[in-house]
Every structure is written in structure tokens, then in C-alpha cells.
Amino acid sequence: MRKIPTAILMSGSGSNARKIIEYNSKFLDIRLILSDNPASNYRSIARDFNIDQALNNIYRFYGVEPGKVSAAGRKRFRDKQKRLTFDALTDKILKGYDIELIAAAGYNWLLSPLLCNNYIIVNVHPGDLRVRDEAGKRKYIGLGWIPTAKALLNGEQSVYTTTHLVTAELDGGAIARVSAPVDVGTFENFDRRQLLPSGVTLKELIRDVNNNGGNEYGSALLYSRSKELQEKLKVVGDWREFPITMHQVADYMLQGRLHRDESGLIMVAGREAFDLFLTGGV
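Per the numbering used here, the very first residue in the sequence shown carries number 161; after that it's consecutive.
If you're looking for bench data, these hints aren't it; they were derived computationally from the structure. Everything hinted at is true.
Subject to a maximum C-alpha distance of 30 Å in a straight line, what follows is the list of computed DSSO-like cross-link-like pairs (lysine-lysine): (1) 299 / 240; (2) 363 / 240; (3) 310 / 363; (4) 299 / 242; (5) 179 / 252; (6) 240 / 255; (7) 299 / 392; (8) 310 / 299; (9) 252 / 240; (10) 240 / 310; (11) 186 / 392; (12) 387 / 179; (13) 392 / 297; (14) 299 / 363; (15) 186 / 252; (16) 242 / 363; (17) 387 / 363; (18) 387 / 310; (19) 242 / 255; (20) 255 / 186; (21) 392 / 310; (22) 299 / 179; (23) 179 / 310; (24) 186 / 163; (25) 163 / 255; (26) 392 / 179; (27) 297 / 363; (28) 297 / 310; (29) 252 / 163; (30) 297 / 240.
Full structure from sequences and hints, please.
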């Protein structure tokens, strides 16, 4: 039986990568683990499961030192044309393995259209992408702890993990599955008003955490609560829903139910990919 040639992109510990591999889907042929970060666990995971591994070092590419990225360095990362050049190197590696499906398993960078428009890519996101604001935009987008921070500040009683197809838009693309909820009330009672100091915006809090560890505005409490929720979401969300999503997406691809049409749109069951096209945990 044919399997779908698959690659895993990762930047850190690789816990999601391990769970996807350990699921042992009969529809996936995981040919490659590819990292952007030389300090990640990609080598050890590849060795443990006898899978090829490759590194496209984003820090060397941009000429910055890992863990010491200055404001000027962050500006370089936002250069879209330079990102296309970097992703072209990734694309060349992927093409060498005839990859069709990609798991963005803790990959820290927004992918350019070069990759998004040429592969089926699945991501897991630590927030509920079903929720939209007054303008109809997804409310809980962002990297890492930020979606759970937004949920806390908005008074949500539960948080969720979402798996989705990847587009060039941050946390865009059709929703595949949604995890079971993690109850915010599992923590001891606390006054949410203390999480966001008066007159301080979330953007300022994020900058404070990234640059000062949360000391300037006292945002360490928001950060720690959000990280706790994120860790809980890994268990019911990342480690459960992500492997199942990869399994089901590969099955859909093999059946011809999920593919790109001539214009590049991802089609599911004969129409443009739609939210919750897979049965999730809720």
C-alpha cells in the first residue's frame, strides 16, 4: 500500500515530533526530520527512530546568534524576500525526499508561500481558532504562550488546542480538529485584573517577557499562568490531536479526498478546505 511521503519540521524539544512518529500511522512514510535550529533535538529523535535528518540553520542564514537576537536581528527575520530565499533552501531539501505532507511540529517560523503553496502542511496551535472577533478575524492567534494569555485576559473559562492546515497567513488555514477543553479553573483562584497592569497593552507585555523576563511591567504572572495552560494543552491537544490529524490527512490524501486543485487551493471532499473537516475531540 502506498504511504504519503512526510517530513517533520521542528525547532525545539521535538515532543510533538516524537508523538507523531510513535503513533505509527499506516498512512505516513516519515522520511525526514528537518530543523532550523542546531540546538534542537532533531538529531537524537532521528537517530532513535532511524529517520533521515537535515539542518537548515536559520541563525547562520541571518547572521545572528541563537538566544541573543537583537531588535535589528528580529527586523532581519521579518524580511519577506530573505525568508523566501531561506525557504527555497528548505524546499530543495524536501524535494530531495519527494515530500508531499509536512508536520510543522513546534516550528518557530511563519512559512512563506513558497512552501505553503507547494505542500500540504499541518500545524498544531495552542489556542481555539474557532473563536473570532467582531471583525470576523481569528481571536486567539500568536506563537507559544500568547494565545493562552489572550484567553486569560478575555475571561475564557476553558482553552483548546487546534490543528489546522497551514497558509502563509499567521494561524490561517482550515481547522482540522479541536482538542478537549482544559479548564482554566484547574488553577487556584486569582484576580485576572492582576495579570494585565493598568495602562499596559498585551503587546507591551509580550515585549517585556521577551526582553526582560516579565520584570518591567510585572507580567511574569501572566506569562507563568499562560505557560502552565500551554503545558496542559500539550497533553490533551498536541500529543493526541496532532498525530491523529496527520493520520487522517494522509488517509484523505490517499483517497483523493484532500488535494490541491489547479489554482493551488486545498480541496477537501470536492470543495475548498473548510473548518472542522475532521472529527475532533469536542
